[in-house]
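Chains as they are written, first to last, in the working numbering: chain A, 1 to 276; chain B, 277 to 589.
It cannot be assumed that every hint is accurate.
Unchecked claim - Listed below are the simulated BS3-like cross-link pairs for lysine-lysine, each with C-alpha atoms no more than 27 Å apart in a straight line:
1. K493/B - K481/B
2. K403/B - K9/A
3. K7/A - K403/B
4. K403/B - K11/A
5. K331/B - K7/A
6. K402/B - K9/A
7. K402/B - K11/A
8. K7/A - K402/B
9. K365/B - K331/B
10. K481/B - K279/B
Bear in mind the hints are in silico, worked out from the structure with no lab data behind them.
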Amino acid sequence: MISEREKTKRKVIVFAVLAAILIVISLIAPLIIPNDPFETNAALMNKGPSEQFPLGTDRYGRCILSRVLMGAKTSIFSSFTVVAVTFVIGLILGLLCGYYGGVLDGILMRFADLMLSFPQMVIAIAVAGIMGGNLVNAMIAMGITAWPAHARLARSTVMKVKEEPYIAAAKLAGCTDFCIMYKYILPNVFGPLLINATTQIGTMMIGIAGLSFLGIGVIPPTPEWGSMINEARAYLSLSPWAVFVPGAAIVITVMVFNYFGDSLRDYIDVNGDSNG
Amino acid sequence: MKKYILKRLLQMIPIMLGLSLLVFCLMYISPGDPATKKLNAMGIEASPEAIEKTKEEMGLNRPIIVQYMSWLGNMLKGDLGESYHNGMKVGELLKKASGYTFTLALSSLFIALLVSVPLGILTAVKKNRFIDYFIRFFSFFGNSMPNFLISVILMYLFSIKIKLFPVIADSSVKGLFLPAMALAIPLASRFVRQIRAQVLEELDKPYVQGAYARGVKNNIVLYNNVLHNCLSPIITLVGLSIGTLMGGSVVVETIFRWSGLGKLVMDSITYRDYPVIQAFVIYMALIYCVINLITDISYHKLDPRVKTYGGTK
Numbered sequence: 001m002i003s004e005r006e007k008t009k010r011k012v013i014v015f016a017v018l019a020a021i022l023i024v025i026s027l028i029a030p031l032i033i034p035n036d037p038f039e040t041n042a043a044l045m046n047k048g049p050s051e052q053f054p055l056g057t058d059r060y061g062r063c064i065l066s067r068v069l070m071g072a073k074t075s076i077f078s079s080f081t082v083v084a085v086t087f088v089i090g091l092i093l094g095l096l097c098g099y100y101g102g103v104l105d106g107i108l109m110r111f112a113d114l115m116l117s118f119p120q121m122v123i124a125i126a127v128a129g130i131m132g133g134n135l136v137n138a139m140i141a142m143g144i145t146a147w148p149a150h151a152r153l154a155r156s157t158v159m160k161v162k163e164e165p166y167i168a169a170a171k172l173a174g175c176t177d178f179c180i181m182y183k184y185i186l187p188n189v190f191g192p193l194l195i196n197a198t199t200q201i202g203t204m205m206i207g208i209a210g211l212s213f214l215g216i217g218v219i220p221p222t223p224e225w226g227s228m229i230n231e232a233r234a235y236l237s238l239s240p241w242a243v244f245v246p247g248a249a250i251v252i253t254v255m256v257f258n259y260f261g262d263s264l265r266d267y268i269d270v271n272g273d274s275n276g
Numbered sequence: 277m278k279k280y281i282l283k284r285l286l287q288m289i290p291i292m293l294g295l296s297l298l299v300f301c302l303m304y305i306s307p308g309d310p311a312t313k314k315l316n317a318m319g320i321e322a323s324p325e326a327i328e329k330t331k332e333e334m335g336l337n338r339p340i341i342v343q344y345m346s347w348l349g350n351m352l353k354g355d356l357g358e359s360y361h362n363g364m365k366v367g368e369l370l371k372k373a374s375g376y377t378f379t380l381a382l383s384s385l386f387i388a389l390l391v392s393v394p395l396g397i398l399t400a401v402k403k404n405r406f407i408d409y410f411i412r413f414f415s416f417f418g419n420s421m422p423n424f425l426i427s428v429i430l431m432y433l434f435s436i437k438i439k440l441f442p443v444i445a446d447s448s449v450k451g452l453f454l455p456a457m458a459l460a461i462p463l464a465s466r467f468v469r470q471i472r473a474q475v476l477e478e479l480d481k482p483y484v485q486g487a488y489a490r491g492v493k494n495n496i497v498l499y500n501n502v503l504h505n506c507l508s509p510i511i512t513l514v515g516l517s518i519g520t521l522m523g524g525s526v527v528v529e530t531i532f533r534w535s536g537l538g539k540l541v542m543d544s545i546t547y548r549d550y551p552v553i554q555a556f557v558i559y560m561a562l563i564y565c566v567i568n569l570i571t572d573i574s575y576h577k578l579d580p581r582v583k584t585y586g587g588t589k
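Here chain B stands alone, though its shape is the one from the complex (with noise of 0.2 Å):
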């Protein structure tokens, strides 16, 4: 086992250098040079000695390949650099943001699970009944809306019609409430799909067909077998949607004022504040690949039948 973690870390290495190389070349297919960038972020005038000013102090008269590894070089360090628009520390704001953004989706993943597993179950258990391809109708809709749709006809149905939730979300459980709702509602309605798949295939199995034979009770079987060897393909359902997750927030956080991550890149952009759109990128991929690591840690963990440690690359 830990030389299998030891091995996806180490593989983490490249994908992360690549990344890295890719954000920073970001910077330089954008419009305009760096110099002018930061000084227009800045609202200072760009003029000529300006710019050739904060050339020389950004270093950007520097080949550019020795640009990148000193920018790299300061990223491994935890310096992420300072905000072109207010000067602060964009360590500071990502930290400052992730609690936010961690909260939001926790509480979505929560929400999510907590409605998607009974009614996953319930529509394979009454498959091709009245109740399944109603679930499964809703679950295909909520499937075909995208997050900032179904935000705005939350804030419009509980904040503009029955006045129960505020349109700014504040800190509060009542703020986080509809941002949560609004990532929840696409990610229950695919883990239904999902779940109900994933339990119809276990309830085809022989053992199922055996234990029903020697007389089992149907729930026994459901909730003592089928639920329990259901349990690792449910895990990784939750560590593939948090890519989803990830770019649902920025929208949800973007329309609730939520001040998260996504929300501060949003800002971001709006000033063209580069560093930090940088740093999110780069702190976003760095969670993902962490999550998915953990994902499949706990997948070997769950069923013992698994045992790719050295993995197929």
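Isolated chain A, as found in the complex (with noise of 0.2 Å):
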């Protein structure tokens, strides 16, 4: 019988090698594709899986499984960036309010407050909407309600850490501001932030594909799984493949990422190291 915790670890290991494998397809995604993903075809429209084409072809004959795989990489990356992205400006603010205080403190929590306390989808479809689509602007509407969750998180944990005896002993051997956050706070708040972070990786998924459905998000012809499912959707009777691939590819994809960061959280929690 093996203990809970090789259970957990045995999780984590084996969701960061799926992770592993998704990402390196992403990547590779231009090598490996078996047809050009913007080559239209009106001969072969909407058939189904065949030999040159595995996977069926959509309404302009495009081949599905080269734009899965080709959307993998939009998907992945654009959703990796902003949860990036926001985990830095989160860590960087959360670490100055909460070492800080003061007025600027004051001023970027109630900011904070501010977006969370609504409902996110809806600030970044109307961000997205109002400042026209594409790829960029989806991931701008995306990062502005996803920063203040972070930079809560770390304020928090360097609240709590601040107070610590070794803080107050690495002042009077005359550490700088910046020496202190960098050597003794950081590695405090960074665990906790990054676990949480990479919980974010799937909603952000999600919400980018999200966007991207409702022609407020990546523009056509890029192929991204959301904009693939929305032009496909017309066409539901005559070629589902042209549906069911991509909403396959998020479904996956959205899954190994939720479990990974599910059982990465687990696995931190079950060592007691939990001060998050």
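Make the complex out of the two chains shown on their own, each in a separate frame, by following the hints.
This is how it looks when you write it as structure tokens:
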């Protein structure tokens, strides 16, 4: 009988490997696609799976497999970028606010509260809709609503750590503020915040795909899963595979990243290192 | 209690003011100037004279702070402006669409609770058995599925394969079913996991062990004590899910052409009908804040142990 801890550890490894495979696929997509994802073919519209097109064609006769593989890069990297950028912004603002407090803290945290008091997707839809649809605007729209959660978590952790005796000791020893934050506070904040960020990747993917589906994200013909489903849904009865293939891609990717985030959090919690 | 409610209502004022400023600014960070946008939305060619005239009409030549104040003043008086697209009062448009959205949201909440409460309890009682893993897998699956995908799959299964429900939702019960299901599935998936966790936590408490030790039947403990104590967390769950429901309803309404607020805002985005978009965001935020407040109040009412009326900001 293996211990609970060992079990969680194995889960983390399995899902880390799966997530890594997905990332590698998205990176080498241009090399492994069977057809040109942009090439239309009037003779082969809405065709089922064949030798030339393993997962069929869409209404313009484009290869669905190639488009889904290319779309992986858009989906995975856009959500990674938004999570990473909001993570860094949240971390820095949280560190500064938690450490210095004062007016800056007051203003920034009120602003964070403001952003957190509204439904994320509603704000994202309004921002992306008003700024006009493209991938960068969709990412900004998602990012605007995503940073406050990181900042709040970082701030509360910093405020807890700040009272520790070793911080006072470091101050007495003549460390600069920057040195204290970087050397003694950051390591404490980084872990819980990183786990939080990992669990957000899946949500972010769904959000960006949702904006693209609504036509206020990625602009066609750039392959992206959400916009592919939107383009194909009018032909649902003719070529259902054009909806279900990108759909399956989203579900599998989101599930892998969600499981990875959850198992990572469980693993850290089991280790008793749950000061987050 | 009254003091608490009043305090919360007062706290909402700066938040709503902040949001109104944000929404007002959105209009200005968007590409193009508002007068041209209005003319384009109305389908009039934007000649320099027409732009100048519209600018004067809209009061765009005033300093921006004056514009904001007058806009805010109108909002407070209940005048949400007129749609650029069809000249209708924005307030009327919102009112008409709200009914549809509320019906949809309430039905999906109802379905979600109807399914998830029994399943959540079942998975907790049968922890680590087959049925637990089975339901949990599905709930994880449902949670990883975007609303738009569920909608399209439901449409494929029930409208195209077996022609049971209409593709375009009319306002009948039959038309309501698919969009409500599309919203309810991810919601129920999340509820099951959270209710399971809540029941498990409650089952672990000493009083449950004590009751078992005194020979009280399992079911009596479960139904009389455990569920009673899980009620207020479940209410909180419902309150917290409103935000997701609002975002999801935009997608689902667009797909099923359900003429609620979500479809209204997507149409307005297409027509660049800014007053409607602005009013939509403010309206949604207001509802969201009020529902959060109601959730908190019922939380206090249901659980007498929660006595932090003053709250820590």
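Each hint, compared with the structure:
1. K493/B - K481/B: holds (16 Å)
2. K403/B - K9/A: holds (21 Å)
3. K7/A - K403/B: holds (17 Å)
4. K403/B - K11/A: holds (19 Å)
5. K331/B - K7/A: violated (67 Å)
6. K402/B - K9/A: holds (24 Å)
7. K402/B - K11/A: Distance ~22 Å between K402/B and K11/A Cα, so the pair holds.
8. K7/A - K402/B: holds (20 Å)
9. K365/B - K331/B: With a Cα-Cα distance of about 20 Å, the restraint between K365/B and K331/B holds, given a limit of 27 Å.
10. K481/B - K279/B: This hinted pair is violated, its Cα atoms lying about 33 Å apart.
Hints 5, 10 from the list above are not met by this structure, while the remaining hints are.
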